[in-house]
Amino acid sequence: MRRLMGVLRTPLGLTATVLSLGVLVLAVVAPILWTDDAEAVDTSNILAPPSSEHWAGTDNLGRDILYRTLVATRLSVELALAATLIAVTVGLLLGTAAFVLGRRPGRLVGAGINIAVAFPGILLALFFAVIFGVGATGAVLAIGLAGAPAFGRLTQTLVASVAARDYVAAASVAGVGRLRSLFRHVLPNISEPLVVNATISAGGALLAFAGLSFLGLGVQQPQYDWGRLLFDGISSLYVNPWAALAPGIAVIIAGLAFNLFGESVAKAFGVGVVGGIPELPSVAAHLDDVAPVEDAGHAPEDVVLDVRDLRVTFPGPNGPIRPVRGVSFAVRRGEAIGVVGESGSGKSLTALAISRLVDDSGRVEADRLELLGSDLRAADTKAQRQLLGTSLAMVFQDPMTSFNPTQRMGGQLAESARHHQGLSRKDALARAVDRLRAVRISDPETRAHQYPHEFSGGMRQRAMIGMGLMGSPALIVADEPTTALDVTVQQQVLDLLADIRAADDVALLLISHDVSVVGEVCDRVLVMYAGRIVEDLPAAGLESAARHPYTRALVAAVPDMATDIDQPLAVIPGRPVDPSDVPAGCAYAARCPLASARCRAEDPPLVTEPDGSRVACWHAGEPIAIEIRDRELDHELEEVEAS
Amino acid sequence: MSLASSVAPAPRVGVLSHPWVRFGVRRLGRLLVSLWVLVTASFLMIHLIPGDAVRAALGPTAPPELVASTRADMGLDDPLLVQYLHYLQNLLHGDLGTSLISRLPVSDIIAQRLPATLELAVLGFLLAVAIAVPVGVTMGVLTRRGHGRRTELAFTTTSVVVGIIPDFLVAVGLVYVFGVSLGWLPVAGNDTASAYVMPVVALAIGPAAILARILRVEMVAVLGADFVRTARAKRIPNRSVYLRHALPNALTATLTLGGLILSALVAGTVLVENVFAWPGLGSTIVSSILNKDYQVVQAIVIVYGVGVLVINTLVDVALALLDPRSMIKEG
Ligand code: SF4
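Protein chains in written order, with this note's numbering: chain R, 157 to 799; chain C, 16 to 346.
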C-alpha cells in the first residue's frame with residue numbers, strides 16, 4: 157500500500173493514476189448517461205463541423221461525435237480487458253508448463269515461446285484474426301492470443317527464478333506435487349510483477365484493439381468502439397476531421413494512462429529505479445580556476461609533478477563535499493612515491509585530480525598543479541592534451557573493465573600514438589606491438605589482434621602499462637594496479653613497474669591501500685587520511701620511523717612473517733571519516749589512542765621536520781601504550797593456546 | 016566476466032571450431048527452425064478456420080458445384096498430410112497458389128505489392144535510426160552521472176509518451192495537420208516523393224523515441240564505465256570518446272532490444288499503409304482478410320514473417336560484429 161502511495165508521489169504517476177481512474181469511471185457511467193444522445197440520428201445535420209450543440213460535430217448520420225466517443229469508452233475498455241485476461245491466462249499456462257510438465261516438454265514449450273515472441277503483436281493478431289474471423293469476438297481472441305507469448309516468456313523467467321529457491325526445491329523433494337507447489341509457492345511469489353505487467357499490457361491491448369477496429373477487422377456496426385469510430389471518421393476527414401480526431405485522442409489518452417500507470421507501479425515496486433544513482437567520481441577533468449597564486453621560487457629542474465594545496469569538491473545534497481582537502485607534494489624524476497590510506501581517504505581522487513580525470517561535476521582547485529613545468533590548471537588545450545597524453549601514463553585498478561570490449565587490443569594501444577604522435581595506422585600498430593613486447597607479452601603480433609576478453613587479467617594490466625608507454629611518459633600514475641589481480645601475478649606487475657622506472661627514469665605515483673606493496677616499491681610514502689596528507693616519510697622508515705598514530709596503526713595491521721596465517725587480519729578499530737561530515741580538530745581523533753582535548757579542537761598542521769619528512773599530529777611519535785599492551789596480550793594468548 | 020575469460024584461451028584449430036563458423040551454423044539452424052514453424056503455422060491457419068473456407072470466400076450464393084470443384088482444385092479434399100507436403104513442395108518452387116477472388120497467381124500479387132512495402136519499411140527504419148542515434152547519444156552525454164536531472168526527466172517523459180502512441184494515430188494526426196489543414200502533403204498513394212513524407216514519419220517516430228530512450232540509458236551506463244575513463248586518459252578528443260568508444264558499446268545493448276522494435280516497425284506498415292492507401296502488402300492483406308481471400312492472406316503472412324526473421328538474424332550478426340563476445344555468450 158505504501159508503495160502504491162509512492163506511485164502517486166511522482167508527477168507522471170499521479171497523472172497516469174488520475175487518468176486511468178477517469179477512463180474507468182467513464183467506462184461505467186458514459187453508456188448509462190449518454191447512449192441516447194450518442195445514437196440519436198439527425199439526417200438534417202450530417203457531418204456537421206463542431207458547433208455549440210455538437211462540440212465535436214456529427215457523423216454521416218448526424219450523430220454526435222463527442223457522445224459517441226464517450227459512450228465508446230465502455231466497449232473499448234471491456235474488449236481490452238477481455239483480451240488482456242486471455243493473454244494473461246494463456247501466458248500463465250505456457251509459462252508454467254516447464255515447471256509443471258518437467259524438463260523436456262517444458263523446453264519444447266519454451267522454444268515455441270521464443271519463436272513466437274520474435275513476431276510482432278500485430279502480425280500475430282492478424283494471423284489469429286484470420287482464424288477467428290472478423291468481428292469483436294474474433295478480435296478479442298486474436299489480440300489475447302497475440303499477447304500470450306510475451307506473457308508466457310515473462311512468467312517462465314519469473315517461475316524459473318522462484319523455482320530455484322531453496323524452499324521450493326525442498327517442497328519438491330518432500331513429495332509435494334508440482335501442481336500444488338506451483339499454487340502454494342510459485343504463483344504467490346510472482347503475482348506482483350505479473351499484475352504490474354498485465355496493467356501495462358491492458359494499455360497495449362487497448363491500442364491494438366483500436367488498430368484492428370480501425371482496419372475494419374474488429375468491432376462491426378452497429379456496435380462501436382474507438383477504433384471503429386476512427387475507421388468511420390477517417391473517410392470524412394476533410395469534412396469533419398473531429399469525427400476521426402476525437403476517438404483518436406480518446407485512444408491515446410486511455411492507452412497512455414493504462415500504460416504509464418503500469419510503468420509507474422512497476423517503478424515504485426522495483427528496487428532503486430526512482431532513486432538517484434550514487435554519484436561516483438569517474439571521468440572528465442574540469443579545472444575551475446581560482447586565480448593562480450603566483451608563488452615565489454619555481455620548482456627545481458628535476459621535479460616532474462608539483463602539487464600545492466590541491467582540493468577537490470563535489471556538490472552534495474547538503475552542501476559541497478570536499479574529499480580532498482589541501483594536498484601538497486612533489487615528485488622528482490625517477491622517484492617512486494606511494495600514497496596509502498583506507499578507502500575514502502581521498503587517495504584515488506588525488507590521483508584522478510592530478511591527471512585531470514575527475515568527473516566534471518567535481519571542482520578541482522590548487523595553488524599549483526604542474527606537470528613538467530606546465531600548468532595543468534589552465535584551460536583544456538590541444539597542447540595540454542598532447543602533454544598529458546604523452547608524458548603521463550595511467551594504470552587503473554581493474555584491468556578487466558578498463559579496456560574497451562569492442563575493440564582489438566592493438567588498436568586501443570595505437571589510438572593515442574595516432575593522435576598525439578601523428579603516426580599512421582600501420583606505424584602506430586607497429587609501435588603498439590613493440591610496446592606489448594616491452595611489457596613482456598609473448599607473441600605480441602597475434603595478441604595485438606585479439607580482443608580484451610582473450611587476455612588474462614595480468615596480461616591486461618601489463619597491456620595497460622604498455623598503453624602508457626606508447627608515449628614517453630615522465631610519470632606513471634598507478635591507482636591500485638594489483639588489487640584486482642591474482643596474488644600470483646601481482647608481483648609480475650610490480651616488478652614490471654619497477655623495471656620500467658629503472659630503465660627510463662620514469663617517476664611513479666603508486667596509489668594503494670596496501671602498506672606492504674608501497675613499502676616494497678616506493679622511495680617515499682604519503683599517508684592520507686580524510687582527504688589530507690597526515691605523514692610523509694621515506695618508505696624505509698615505515699616500520700621504525702613512522703610517527704603518526706595512523707601510520708603506525710596501518711603498519712601494525714600488516715601481517716608479517718611472524719604472524720600466524722590463520723589469525724584474522726588486524727584492522728584499525730573505528731570507521732573512516734565520511735567526507736561529507738569531517739569533524740573539527742584532527743580527523744583521526746575518534747580512532748586515535750593518543751587523542752587529547754587539543755586534538756579534538758584544533759587540526760594539526762602538516763609540519764616539515766629537519767630531515768624533510770612531514771607529519772600532522774600534535775602527539776607525533778609519542779608511545780602508544782594501549783597498542784603495545786594489546787600486542788603483548790595477543791602473544792600471551794597465543795602461547796597459552798599453543799601449549 | 017566469467018572465470019573462463021580470465022584465462023587466455025589458446026588459439027584453436029579447425030574450421031568448425033572457429034567462433035564465427037560456429038556462430039553462423041547455430042544462427043542458421045535457429046533461422047531454419049523458425050521458418051519451418053512459420054510456414055507450418057500459416058498452412059494450419061487455413062485449416063483452422065471454422066467451416067468451409069472456400070464456401071466463405073466464394074460467398075453464400077455460389078453454386079455448390081463451383082465450391083466443390085474449387086476445393087478439388089486446391090487439393091483441399093486430400094488427406095491433411097498430403098496437402099501439407101504439397102504445400103511445402105509448392106512453396107519451395109515459389110508457387111504460393113492462386114487467389115480465390117481475382118484468380119491471379121498469389122506470387123504475382125506479392126511481387127507487385129512488396130516493393131512499396133519494402134520501401135516504406137526501409138525508409139522508416141533509416142529515419143528512426145537517423146533520429147534515435149544522435150538524439151540518444153546527445154541526451155546520454157547531457158544526462159551522464161551527476162548532470163542534467165531535469166533534462167533527463169523531460170526527455171524520458173516525452174519519449175515514453177511519444178513511443179506509446181501507435182503509428183496509425185500519428186498518421187491520422189499528420190494527415191489532419193499537413194494534409195487537410197495545411198494542404199502541404201498528399202494524403203494517399205505513393206506517386207510523388209512528397210507522398211512518402213507522412214507515411215515514413217508516422218512509421219518512424221514511435222520506434223525512434225523508444226530507441227533513443229534505450230540508447231540514452233545505455234550511453235549513461237557506458238560513459239560511467241572504466242574503459243571510458245581509460246579512453247579519456249589517452250586525451251583523445253571528446254568526440255572520439257563518445258563516438259568511437261562509448262557508442263559502439265551502447266549500441267550492442269540497444270540493438271538487442273532494437274531488433275524487436277524494428278520488427279514491430281515492419282508490422283506497423285500494415286496500419287500505416289491503410290491510412291495512406293499505400294499500394295503495398297499491408298493494404299492487400301487487410302482487404303484480403305475482409306474478402307476471405309485466404310490464399311493471399313496466407314502468403315502475405317509468410318512474407319511478413321520472413322521479413323521479421325531476416326531482421327532478427329541481421330540484428331544478431333550486427334551484434335556479433337559490434338561485440339565479439341556476444342557470439343560466444345549467445346546461444
Ligand atoms: S593529532 Fe591527536 S588525534 Fe590526531 S593523530 Fe595526532 S594524537 Fe591522534
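Since the hints were derived computationally from the structure, they do not count as laboratory data.
Fair warning: there could be bad hints in the mix.
[To be verified] FRET-style restraints, in silico, Cβ to Cβ:
id, chain 1, residue 1, chain 2, residue 2, range
1, R, Asp-642, C, Arg-37, 42 to 48 Å
2, C, Val-40, R, Ser-736, 55 to 61 Å
3, C, Gly-44, R, Gly-472, 52 to 58 Å
4, R, Gln-376, C, Leu-81, 26 to 32 Å
Heads up, the beta-carbon is just placed ideally off N, CA and C, and yes, glycines get one too.
Tested hints:
1. R:Asp-642 with C:Arg-37: 42 to 48 Å: violated, 30 Å
2. C:Val-40 with R:Ser-736: 55 to 61 Å: Roughly 56 Å apart at Cβ, these two residues keep to the hinted range, so it holds.
3. C:Gly-44 with R:Gly-472: 52 to 58 Å: holds, 55 Å
4. R:Gln-376 with C:Leu-81: 26 to 32 Å: Given a distance of about 27 Å, which is inside 26 to 32 Å, the answer is holds.
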